[in-house]
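Colleague: Sequence:
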Amino acid sequence: MPSPEAAFPPPADLADKLDRYEALLRKWQGAINLVAPSTLPELRRRHFEDSLQLVPLIPAGAKVLVDLGSGAGFPGLVLALATGLETHLIESDQRKAEFLRAVSRETRAPVTVHARRIEEVAPFPADVVTARALAALPVLLGHAARFAGPHTVALLPKGRSAEAELTTLPASPKMTIDLHPSRTDPDAVLIRIEGFARG
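Each residue of the sequence shown is one higher than the last, beginning at 54 in our numbering.
Think of the hints as simulated: they come from the structure by calculation, not from any bench. One or more of the hints may lead you astray.
Quick list of in silico lysine-lysine cross-link-like pairs, DSBU-like style, CA-CA up to 30 Å [stated by the list, open to error]:
| hint | residue 1 | residue 2 |
| --- | --- | --- |
| 1 | K116 | K70 |
| 2 | K70 | K80 |
| 3 | K227 | K116 |
The structure displayed is predicted, hence computed values, not measured ones.
With these hints in hand, go ahead and build the complete structure from the sequences.
Modeller: Right, here's the structure in full:
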């Protein structure tokens, strides 16, 4: 089990930066469908707190994080603010990518936004790969493997489909899968996978 939050103590100005992030999201939401409108009344819990609960699952010593299909920045941009990790947000929708850049400028988040499809981004090694609501697990791990080394960790929040999706993963003696209950959604689970790198 990874060492909990002490490995990445929250910065003193995290709450202020999340306030600015939320204000920008609500402002841009009128023009771009960044999050489901039904989640707006519980924006903090459904998106910010949901992302922050991944922090204790990040291995101590991690330096680089890749977030696949970042959308409005969950969980990748929130994790960048909370941990200070060098974070790469991959989002092919140009308008969403511009939103991510706007938030990163306003909050001074340590992120690089790649406004292209995952398969168009040249592979580079990452310590952590995240994705939320992007694709089924076998597809996700295929994408994640492009950025994985032998010690890379994938952190993948999943909903009710998690159990069924886990049964579709190919058996591998190298792969370790740990499940952690979500603190923000009783129907969700946080999946932590190691040993999924190709070769």
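Colleague: Can the restraint linking K227 and K116 be considered satisfied, given a maximum Cα separation of 30 Å?
Modeller: holds, 23 Å
Colleague: Is it true that the CA of K70 sits at most 30 Å from the CA of K80?
Modeller: Within the cut-off at roughly 15 Å; holds.
Colleague: For the pair supplied as a hint, K116 and K70, is the alpha-carbon distance within the 30 Å limit?
Modeller: holds, 21 Å
Checked against the numbered hints given earlier, this structure breaks none of them.
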